[in-house]
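Please model the entire structure based on the sequences and the hints provided.
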Amino acid sequence: MNSTQTTPKITEERIKKYLSQGKRFDGRTPEDFREITIETGISKNAEGSARVKIGKTDVLVGVKMDVSTPYADSSNKGNISVGAELLPTSSPRVEGGPPKFTSIEIARVVDRGIRESKFIDLEKLCIKEGEKVWNVYIDIYSLNDDGNVLDAAGIGAIAALKTAKMPKYDEEKGKVLFGEWTNEKVPLSKNMPISITFYKIGENIIVDPTLEEEDIIETRVTLGITKEGISSMQKGEKESLTVEELNKILDLSESVFNEVFKKIEKHIK
Amino acid sequence: MTTIKRPDGRKFDELRKIEAKVGIIPNADGSAMFSFGDTIAIAAVYGPKKMHPQHMQDPEKGTLRCTYNMLSFSVTERARPGQNRRSQEIGKITEWALSPMVLIDKYPNNVVDVHINIIQANASTRCAGINAAAMALAHAGIPMKGLVSSVSIGKLDKQLVVDLCKKEEDWEEGEGATDIPITFTNDGKITHMQLDGKITQKQLKEAIVLGKKACEEIYEIQKKALKDAVEDEEK
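Residue numbers (our numbering), protein chains in the order written: chain A, 256 to 524; chain B, 692 to 926.
Some hints could be false.
[Claimed, not checked] For the chain B half of the interface with chain A, some residues (derived, Cβ under 8 Å), not all of them:
1) Ile716
2) Pro717
3) Asp729
4) Ala735
5) Tyr737
6) Ser763
7) Val766
8) Arg769
9) Pro772
10) Asp804
11) Asn808
12) Ile810
13) Gln811
14) Ala812
Think of the hints as simulated: they come from the structure by calculation, not from any bench.
Even glycine gets a Cβ: it sits at the ideal position worked out from N, Cα and C.
In structure tokens:
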């Protein structure tokens, strides 16, 4: 993201000049997303999986499950664990090694979008209270980063979950039969959270930046939005935001949600 | 002779369906996808670029650096994300498999990075990774003497087979499974070979002959994918 800006100053000025007229280099308005394509079932060995492309940004998400003992404070509920890795494949800027903060934040924000909207019915993932519950691992990998990996990750997570089937479980032996699935889907609610991030550049609020735009953002706000409202939020990066700007984001959020929902609806049933 | 039937009904010397494509990752200098049936590998190349950290720079020639990574959901039982001993070893043998064909002597202090990711695994992942890596390097325009092609030769009980799938890798009847991943340059030299199992010297020689023949087939597919990409660009 913008910790290592490589967009030249002259381009930055031009982006801002365009935005002041409500325009962007690729012809979009500030509130437009790029084209979104979703391919599901990218790994036969996953419980559910999806590849989401937003413009040239390309993200893979897979769901795997296993069984373990529940946490003491939620003895009748399954667990969610979200991981994210910006693969060195995805841009010359990414180095290998342990996860950097950017990846950790993506995982945390996607986790909260799913958790707080109660999209996964965790109580239905309890096998035996206090003893055995399902764990749902959602792992996110970026293949190509052309900006807004954050929203691609969030959309990928719900697309992968939507297709996820419960693995077979041998109750007598207390073992998961890996690689075998039931016809049952992972229990989800109708309250599907879509991750939408608003980015501030100068006086402007935009969505779905390309990498060139993302390099020069001053701050961003990610909303986990469902049809019922907002269930998670994160403001990221250093600069401040005025109350008016935040209000503008909230005013825009419904129409952007509807636009994105329409774009992904046909891909996930 | 034994009358072994392959689980997927293939002939003994038959490869799984191969798909190969270059140019799949826009940000990379070169990239490729290679699949043997349900085993899918993606490789991206970045470089040549200045090697960091500096103490790893070689002032006499360029360095080839490969990483191999299995996505957590590429296998039936979730793999813990991140590098482990297996992935580090495969990264290294991939480097060795490719090195003889890669002409980067003229890039001192520079590195060419090859990142391999396994999206979906059904055995022979290192071979698919090496095949994708060779194509991605060529696609990146790295000077090369030629390509390398990789395949796994298996022995199921006493029968040699080409391109092991997972069910064959786990073969238990008779003498069980022997897995021999092997990599050839397009002029027929061996740049990588490993073996796990049990085999006689005589039969191993036969396995090498089978491997060479399979790699010749794979080479044609790799070459075609690269040519197709050039033709697409010209259009």
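Checked hints:
1. For isoleucine 716 of chain B, the suggested interface contact is upheld, since its CB lies about 5 Å from the closest CB of chain A, less than 8 Å.
2. Restraint check, proline 717 of chain B versus chain A: the minimum CB separation of about 5 Å is within 8 Å; hint holds.
3. Annotation: interface hint on aspartate 729 of chain B holds; nearest CB of chain A at approximately 6 Å, less than 8 Å.
4. Nearest Cβ of chain A to the Cβ of alanine 735 of chain B: about 4 Å, under the 8 Å cut. The hint holds.
5. Against a cut-off of 8 Å between C-beta atoms, the interface hint on tyrosine 737 of chain B holds, since the closest Cβ of chain A lies about 5 Å away.
6. A cut of 8 Å between beta carbons decides the hint on serine 763 of chain B: the least distance to chain A is about 4 Å, and the hint holds.
7. The criterion of a C-beta within 8 Å of any C-beta in chain A is met by valine 766 of chain B, whose closest approach is roughly 5 Å, and the hint holds.
8. Because the smallest distance between the Cβ of arginine 769 of chain B and any Cβ of chain A comes to about 4 Å, under 8 Å, the interface hint for this residue holds.
9. Annotation: proline 772 of chain B was flagged as interfacial toward chain A, and the flag holds, the nearest CB pair being 6 Å apart, inside 8 Å.
10. Annotation: interface hint on aspartate 804 of chain B holds; nearest CB of chain A at approximately 7 Å, less than 8 Å.
11. The interface hint given for asparagine 808 of chain B holds, since its Cβ lies 6 Å from the closest Cβ of chain A, which is under the 8 Å cut-off.
12. Checking isoleucine 810 of chain B against chain A: minimum C-beta separation of about 6 Å stays under 8 Å; hint holds.
13. For glutamine 811 of chain B, the shortest C-beta to C-beta distance to chain A is roughly 4 Å, which falls under 8 Å, so the interface hint holds.
14. Hint status for alanine 812 of chain B relative to chain A: holds, with the closest Cβ pair at about 7 Å, below 8 Å.
The structure shown violates none of the earlier numbered hints.
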